[in-house]
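Colleague: Just so you know, the protein sequences line up as chains A and B, in that order. Just so you know, we're using the working numbering here: the first sequence kicks off at 1 and counts up by one. Just so you know, we're using the working numbering here: the second sequence kicks off at 431 and counts up by one.
Source of the hints: derived by calculation from the structure; they are not laboratory data. No residue lacks a Cβ here, since even glycine has one placed at the ideal position from N, Cα and C. Some hints here could point you the wrong way.
Label pairs and their in silico Cβ distance ranges [claimed, not checked]:
1. A817/B - E272/A: 55 to 61 Å
2. A187/A - R703/B: 24 to 30 Å
3. E272/A - E829/B: 29 to 35 Å
4. G711/B - R50/A: 48 to 54 Å
5. A124/A - R553/B: 50 to 56 Å
Covered stretches of chain A, as calculated for chain B (at least 3 residues, CB under 8 Å) [stated by the list, open to error]:
6. 73 to 84
7. 190 to 199
8. 237 to 245
9. 352 to 360
Number of protein chains: 2
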Amino acid sequence: MREPLRIAVAGLGTVGVGVLRVLRDNAALIRARAGRALQVVAVSARHRGRDRGVDIADLTWCDDVLDLADLAGVDAVVELIGGDDGPAKALTEAAIAAGKPVVTANKALLAVHGTDLARAAERAGVTLAYEAAVAGGVPIVKALREGLGANRIGRVHGILNGTCNYILTEMRETGRDFDAVLAEAQALGYAEADPGTDIDGIDAAHKLAILTSLAFGTVVNFGAVYVAGIRRIGALDIAYAGELGYRIKLLGIARETADGIEQRVHPCMVPERSPIAAVDGVFNAVVVDGDFVERTVFEGQGAGQGPTASAVVADLIDLAAGRRPPTFGIPATALREATWAPMSGHVGPYYVRLQVYDRPGVIADISAILRDEAISIESLLQRGRSASEAVPVVLISHEAEEAAMRRAFGRIGELESVLEPPRLIRIETL
Amino acid sequence: MREPLRIAVAGLGTVGVGVLRVLRDNAALIRARAGRALQVVAVSARHRGRDRGVDIADLTWCDDVLDLADLAGVDAVVELIGGDDGPAKALTEAAIAAGKPVVTANKALLAVHGTDLARAAERAGVTLAYEAAVAGGVPIVKALREGLGANRIGRVHGILNGTCNYILTEMRETGRDFDAVLAEAQALGYAEADPGTDIDGIDAAHKLAILTSLAFGTVVNFGAVYVAGIRRIGALDIAYAGELGYRIKLLGIARETADGIEQRVHPCMVPERSPIAAVDGVFNAVVVDGDFVERTVFEGQGAGQGPTASAVVADLIDLAAGRRPPTFGIPATALREATWAPMSGHVGPYYVRLQVYDRPGVIADISAILRDEAISIESLLQRGRSASEAVPVVLISHEAEEAAMRRAFGRIGELESVLEPPRLIRIETL
């Protein structure tokens, strides 16, 4: 049996403690699978004394997390600090510079600085691994990088944020509105006190930017991801979706189009019989379409201590066993600059909900604007009638161009009879 | 760029031709992912001249497939002959003996001789890889061996045979009986002319035996798999399942129990809202429960040229890139002999359908036998009434022991009022 892999762990929050627990509880089987022991030798965190339920008394403690990079007797650094800058980035860069492989769960860091970090790691001849950064316990990074490596990927899409999926599932099951469900999710710990990163789609976009690079061999370009979150999804939209045979999911979608690679995160209506529609609660799912393998689906817990730690330790096992694939599946120097398809050119069917005063001529006004933009209507639903209050009007368009939709509904939103900005949700048949 | 990996392919049926096509069509991206080119240099098949739609004129041809093992200039052998003995086994052994890694899609060979072959490969210091042997394009072997490697696995289960799943799906959707749907599946090429390996559960059992070894670190023990196929599933059973909120699926299940490791393949009733119930047609799905990652689900095409070839080439990319994990995830010498839980000790709820003559006392006779075996009934359904013809009686038991069920329904089957052997289907809540 070879020497142990000696590990330094930076950050002892939920995931860091999880990593220590996995390595302790499953030490024997991990040793068998890695061909050597995995041994945590050093840690750094904000507070030394805190009781975390795992014993760190025998480990080297560093007050300054950056010291882990240069610590003698450390073979690999696990970065669990988080954030796309600051100590997480500094530690990752320092470890790479010191010739030490890095395992991270940090999606923001990879999404923003992934290409540069991958190139630095490659120059230094060290591995940068991040299975835990995307879809928690689901080994989707490995699947795209290795398991499906024979394929030209046409599209990757999925439910990449468990908080949003939990909120949308709760809204559907209880009929409540967004704010009430968010407040409950926060009380239950399923959503952060500051929920913006999740519910505004940023977290999902970080993950999508990473998946795009893995799938298409492109540089990581978080800035090119179109992002919209779920704040404007109302109980009414959820109800209409059900009535129309759809479910609303926050999806991340990356695909090759005639205009370049499209990366987008936004609420979608998906047919309720599609596999992804059935993925509820905090579960994540990723669907990959490859030219030979056709469609594969990967599903599991997207976050949480156990699943995330499982992914971190899988990367450590690979490292210990000497399996050191390129960061994004191909040499970092070969990652190509892509043409990024602008969202304005996206074509698809749309659901639109308007709140209108039910006055004579309002539908005629709306229809005229849509005609001017050559947008054709598949169906139009106007339920209640009220002379004094606004009533919902729901439109389903045929395939239409995003730019035309925006122009049309910009103008429609300004009509005197239309009460609030139209709510557009893209329909994805996938 | 390093030297190409030079490959010999044995067998040019559907999958062999698929491998040639993948390596030709996606050569550039495969080279980028492997860090070197993958080049087929030699082939062997039954008929040299046949037009396969791929050009083999420039490749070395061997009339005797065993010659591939010793051919100079070959770095790796791909075995696509099939069968658990004969030339497939001989070639695999010869290649290993010659120090050449083997990639195979041969589930029967691995299920029957997996432990011995893994040990031989380990002694010779060569890789034996077989992603294509289980669930086609779904990278489940890699997931169990590497991606979920941090976990103690509690259970693996799944739909492992696309032919059976197609037949059961068709039966449900059309209401037709088994024989009619099988005949149609044969006409469409979804079932073999000799369908026994698929519909009697053998193929699924081969795959399960492999998954068990990967999940539990045990020797491969196909002989310890309890196997029952789908021939005795009737249109009536499918209809009753639907009525009771279940779907019938042929599942392979391996799990750790107090009596040892249980391996079984048989038709199951699964709740229609469970994820696996929604996996229809030729799709395969594997569900893994790990102690930290919790539940993960993998789904995709279980067979067919593209998906199977995709898996073979993924193994070749790993080989070319120098990633050479142990055959069953841990050193072959460490694979443990397990206690194998006997099926007779299995405990769970059962669905039983009887055809009975509706005579006074028949239900009393049945109930008395069940009472003698301490089997408690959750529900009993007797629909039609007929003095002259047999009518179906459907029983759902509470948790009961397999041995008691067999004894009871052996006796019940001998009752004069009971027309044919009772049909038992285990209910799995999973």
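Colleague: The structure should be examined with respect to each hint, and the outcome stated for every one.
Modeller: Taking the hints in turn, this is what the structure says about them:
Between A817/B and E272/A the C-beta distance comes to about 46 Å, which lies outside the given range of 55 to 61 Å. Against the hinted window of 24 to 30 Å, the Cβ-Cβ separation of A187/A and R703/B comes to about 27 Å, which satisfies the hint. Checking the proposed 29 to 35 Å range against E272/A and E829/B shows it holds: the Cβ atoms sit about 34 Å from each other. Hint check: G711/B to R50/A, Cβ distance near 52 Å, so the stated range 48 to 54 Å holds.
Range check, A124/A to R553/B: about 36 Å between beta-carbon atoms, so the 50 to 56 Å window is missed. Counting residues of the segment 73 to 84 of chain A whose beta carbon lies closer than 8 Å to any beta carbon of chain B gives 0, which falls short of the minimum of three for the stated coverage. Only when three residues or more bring their CB closer than 8 Å to a CB of chain B does the claim for the segment 190 to 199 of chain A stand; here the count is 0, and the claim is violated. Note: the segment 237 to 245 of chain A has 0 residues with beta-carbon separation from chain B under 8 Å; the three-residue rule is not met and the coverage is violated.
Counting residues of the segment 352 to 360 of chain A whose CB lies closer than 8 Å to any CB of chain B gives 0, which falls below the minimum of 3, so the coverage claim is violated.
The earlier numbered hints that this structure contradicts are 1, 5, 6, 7, 8, 9.
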